[in-house]
Amino acid sequence: MRHPLTLLFFLLLNLSSLAALAQTGTVRGTVKDATTQEPLIGGTVHLEGTTLGGPTGVDGDFILEKVPVGEYTLVVTSVSYKPTTVQKVAVVADKTTVITTTLESDNKQLSEVVVTGVRRTNTEMAVITEIRQANVVVSGISSEQIVKTQDRDAAEVVRRIPGVTIVDNRFIQIRGLSDRYNTVWLNDVTAPSSETDRKSFSFDVVPSSLLDRVLVFKDPSPELPGDFAGGLVKVYLRKPNFNERLLTVNYSSGYRDGTTGKNFYSDKTQAGDAFGFGAVKRSLPGGFPTLGTAYQQYERDFYARQLENTFPIYKMKAMPDIRFNAAYMDQINLSNLKIGSITSVNYTNTFTNFQIDRNLYDVSGERTDQFKDNQSTNSIRLGAIQNFNVVLDNGDRLEFRNLFNQQGRNQVTTRQGFDNNGQQVRNNYLLGYQGRTTYTGQLAGQHSFNKEKTKLDWVGGYGYSSRNEPDLRRVSYQSIPATTDGGAPTETVLTPATGQVDVNNAGRLYQKLSEHSYTLNANLKHNVVVADRTVEIGAGTYLEYRKRDFNARAFGYSLNTSGIQGLRNEAVGNIFNPQNIGSDGFRMDEDLNSTYRYNASNELEAGYVSFNIPLTTKLKVVTGARYERNVQSIATGINGQPVEQDVTTNFVLPSANFSYNFNEKNLVRLAYGRSLNRPEFREAAPFFFYDFDFNVLNYGSLYLNPDSPLKVATIDNFDMRYELYPSSGELIHVGAFYKHFTNPIENVAVLTTNLAYTFANAPSAYAYGVEVDIKKSLNFLDDAFGTTGLRNLSAVFNASLIKSEVSLGQNIVAWDRNRALQGQSPYVFNGGLYYQTPDNSWQVSALYNVFGPRILFAGSIDYPDVIELPRHTVDLSLTKTITDRLTLNAGIQDLLNQKVNLVQDFNRDKKYSSADPSLTGYRRGTYYTLGLRFNLEPRTRPLTPVP
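Numbers 1 to 947, taken from this note's numbering, label the letters of the sequence shown in order.
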C-alpha cells in the first residue's frame with residue numbers, strides 16, 4: 001500500500017503547485033433573509049462591471065471562480081427583496097474571499113411577484129454539495145440521476161454508488177463486505193428489517209420514484225451509529241415543497257425474455273393476492289390446536305382434514321409486468337400554518353420464470369446428480385408514503401413522515417432430478433407464498449437558537465415489519481423408470497416412517513416473524529469562538545429498542561401402517577387431499593421442536609461528543625468519541641428445555657477525520673475510526689431452517705453451542721481520499737482504505753451428514769482497497785477538438801479494487817483457511833453515458849456494471865466454496881418529452897443477458913471461471929420497458945423557499 005499512497009501524495013503536491021501559477025482568486029459566500037436568517041435560494045450575485053456572476057444555491061451559498069486579482073463591488077439581488085451591494089471586495093491570487101450578507105424584504109413588491117426558488121436536495125448539484133461539505137468520506141446518488149437510469153427500486157439504484165454491489169437483487173454489500181457489516185437508516189433512523197435470517201434491510205421494498213437521495217457514509221464519526229464496517233446507507237424519501245400543487249402519474253409495462261407470454265405455474269389464488277395480502281387466507285385456521293399426544297389419532301385426523309388441499313399446480317401464461325405510481329403535492333392551510341404535503345401510491349405486478357440447472361458433485365469434483373428447476377414467481381408490491389412539512393414563524397421546521405409497503409410473492413418450483421447417466425430419479429415440488437409488511441413513521445424537528453449559534457435536530461421513529469410465510473409446501477417423489485418401452489415411470493412419494501415428520505419431503509411449514517422498533521435520535525451543535533476561529537461542539541444521543549417474535553409450526557405427512565400403499569403414487573395435486581387422511585391413508589403430525597420459536601429484544605443506548613475544529617483556514621479536524629451500551633436478549637428452547645441469553649456490551653468508539661482544502665475545488669481527507677459488528681437475533685438463536693434451493697441446513701450459533709454466545713466484532717477503519725470538484729455538478733474522487741477486524745462473524749460450514757452452516761467468530765480478518773469516482777461533463781472535448789456534439793454528454797464512472805482475507809483458526813472447518821471475506825468482490829465497476837438536449841426534450845443513457853467473483857457460501861473440508869462468477873450488465877434508456885405534461889420512457893435492462901453462474905473450485909487454482917464445475921446456472925432474461933409519465937399543475941402559486 002505504501003507505493004500507491006506515495007504516488008497519491010505527489011499527485012496532490014503537483015496539483016497544488018499548478019494551482020499556485022494562476023493569478024486569480026475566488027469569491028464565495030452566503031446570502032440570507034435579514035429577518036428570518038433563512039438562506040435565500042435563487043438569488044443573483046454578480047461583480048459590478050464584469051460578466052462574472054451566478055445564482056445562490058440550496059443553502060443560500062454562491063461561488064465565483066477564476067476572478068482576476070483586484071477590487072470589486074458585489075451586487076446581490078433577489079425577487080421581492082431590496083438589492084444590496086458590498087463595497088471593496090478584494091480578490092487576492094490563490095485566495096478565497098468570503099462574503100456573508102443579508103437582504104431585506106421589499107414589502108411593496110411582495111403582493112405583486114412570484115417567488116420561484118424552492119430548496120431541493122434531490123438534484124445532482126445538491127448531492128455533490130452535500131458530499132463536499134460532509135465531515136467524512138461519503139458517496140451518493142440523487143433522484144435526478146436515478147430518473148435517467150430507469151432503475152425500478154432502491155436495490156437497483158444503490159449499485160450505481162462506488163463500492164456498492166447487490167446480492168439476490170435485495171441485499172447490499174459495501175467495499176466487499178457482506179450485508180451483515182452494513183447498516184441502513186431510513187430518514188435518519190434505523191430501517192426496519194423484514195428478514196428472518198439476515199440483518200439487512202431489503203432495498204427492493206422502496207420504489208425508485210419515492211427516493212430523494214441515497215448517501216453512503218464509509219467512515220465512522222461520533223454522530224453516526226457504531227455498528228457498521230462497510231458503510232452506513234442513509235435513504236431519504238421525497239419531501240413536499242411549499243405552495244406547489246402537482247400531480248404526477250407514471251404507468252409502464254415490461255416484457256422479459258423467457259417469461260412474458262410463456263408457460264407460468266402458480267398455486268391456487270386466494271383473496272388478497274392481487275394486492276399482496278394473500279398470506280391471510282393461507283394461514284392456519286383460527287384456533288388450530290397443537291397436534292401433540294394429548295389428542296387421539298382420530299382427533300388429529302379431524303384437524304388435518306380442516307386444512308384445504310392447496311397442493312394442485314395451475315398453468316397459465318405470464319402476463320406483461322405492470323408498474324403504476326401516482327404522487328400528489330399540495331399545501332394545506334391550517335389557521336396560520338402552511339403545511340407542505342406529499343402523497344404517493346405505487347403498485348407493481350411482475351412475473352419471472354427461470355429455467356435453472358443445478359448439479360451435485362463428489363469430493364473429487366465428479367458430478368453425481370443433476371437437477372432442472374422451473375421456478376415461477378409472481379411478485380406484487382403495494383406502497384404509499386405520506387409526508388408533511390411545516391415551517392414555524394421562527395424558522396423552525398417539523399416533519400411527519402410515513403412509509404407503508406406490502407409485498408406478496410407467490411412462487412412455485414418444480415424440480416426434476418437425474419442421476420449422472422441422465423436417468424430421472426426424483427421429482428420435487430415447492431409451493432409457497434410470502435407476505436411482507438413494512439411501516440415506518442417518524443416525527444422530526446430542526447431548531448436554531450442564540451442567533452443560529454446553537455442548532456438542535458431530532459427524530460423520533462417507530463418501525464414495524466413482518467414476514468408471513470404460511471403453508472410452505474414441499475413434496476418429493478422417487479421416480480422409477482418404466483419396465484416397458486413407452487411406459488410411464490412410477491412416482492412414489494417419499495414419506496417418512498409412520499408418525500414421523502419430514503417437512504422437507506412431505507410437509508407444510510407455517511412461519512411468521514414480526515418486529516417492532518422504537519428510536520430516538522437527537523443532535524445538538526453549538527458554535528463557540530476560540531482564538532478567532534469558530535469551533536463547533538456537538539453532542540447527541542441515540543436510543544433504540546427492538547422487539548422480535550418468531551414462530552414456526554411444521555407438519556408432516558406419513559402413511560399409516562394400515563394405509564393403502566397405492567396412495568403414495570397419487571399425483572402431487574391430489575395426494576394429500578383431505579379424503580386421503582384417515583386410518584387407511586395418510587396421517588399428519590406436528591414437529592413439536594421448541595426451536596421453532598424465539599422471542600428477542602435489543603436495547604441500545606448511545607451518546608457522543610464531537611469537536612469540529614478549524615486548525616487553520618484550510619485544515620479542519622472533526623474528532624470525538626461515541627459510547628454505546630447494548631443489551632441483547634433471546635428466549636427460546638432446545639430439546640424442550642428453555643434457553644435464555646442476555647448479553648450486555650459496552651464500547652467506546654473514538655474517531656478523527658482530517659480535511660485539508662487546497663482551494664475551493666480541491667481537498668484531501670484522512671480518517672480513522674473504530675466501529676463494531678454485533679451478532680443478529682437470527683445468528684444467535686437456536687433455530688435451523690432448510691434451504692430448498694441449495695439443499696443445505698442453516699443453524700443459529702446457540703443451537704450447536706448453547707454455552708458460547710457470539711462475540712461482538714470490532715473494526716479499525718483507515719481512509720484517505722482526494723476530492724476534486726471541477727465545476728458545479730462534477731466531481732473526481734480517488735481514495736484508499738484499510739480495515740482490520742477482530743473476532744469477525746462468519747457463516748461457516750458444519751461437519752454433519754448433510755451440508756450445513758452456522759455462525760462463528762474467526763480470530764481476525766483484513767480488507768483494503770482503492771476507489772475512483774468520476775462524474776464529468778464531456779464539453780471539454782468540444783473545446784479540445786473544435787466540435788460541438790459532445791457538450792450535451794456527461795459521463796459517470798466508478799471503480800473499486802478490493803483485497804480481503806479472513807484467518808479462520810484451527811477450530812473452524814473450511815475449504816480454504818485463508819479465504820476472502822464471504823461476499824467480497826475483488827473489483828466492482830460502474831460506468832454510464834448520459835445525453836440530453838439543451839431543451840431537455842430528449843434524454844438517453846447507457847449504463848454498465850460488473851462485479852468480481854465472490855464467495856456466496858463458504859465450503860467445508862470436502863465441499864469447495866461456492867463462487868458467484870462475474871456478470872456484465874448493460875442497461876439502455878430513453879426519455880422523450882412529448883408535451884409539457886406528457887413524457888415517454890423506454891428502457892432495455894440486462895441487454896447482454898449473461899448467465900448467473902455459481903461454481904465450485906475443486907482444483908483449488910482460485911481462477912474462478914466457467915470451466916469450474918457449475919453448481920447453479922440460469923439466465924434472468926433481457927427486460928424491456930415502455931411507459932408514460934403525466935404531470936398536471938392545476939394552478940400556479942407563489943413558491944415559498946423551504947429551509
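Since the hints were made in silico from the structure, they are not lab data. There's no promise every hint is true.
Claimed, not checked - Derived Cβ-Cβ restraints for the label pairs, each shown as a range:
#1 K338 x L443: 13 to 21 Å
#2 L876 x F302: 53 to 61 Å
#3 S913 x I613: 46 to 54 Å
#4 A795 x T881: 19 to 27 Å
#5 W842 x T100: 38 to 46 Å
#6 L778 x L932: 25 to 33 Å
#7 N336 x G460: 23 to 31 Å
Ideal Cβ positions, reconstructed from N, Cα and C, are used throughout, including at glycine.
| field | Broken hints, by number | value | Of the numbered hints given earlier, the structure breaks none, since each of them holds.
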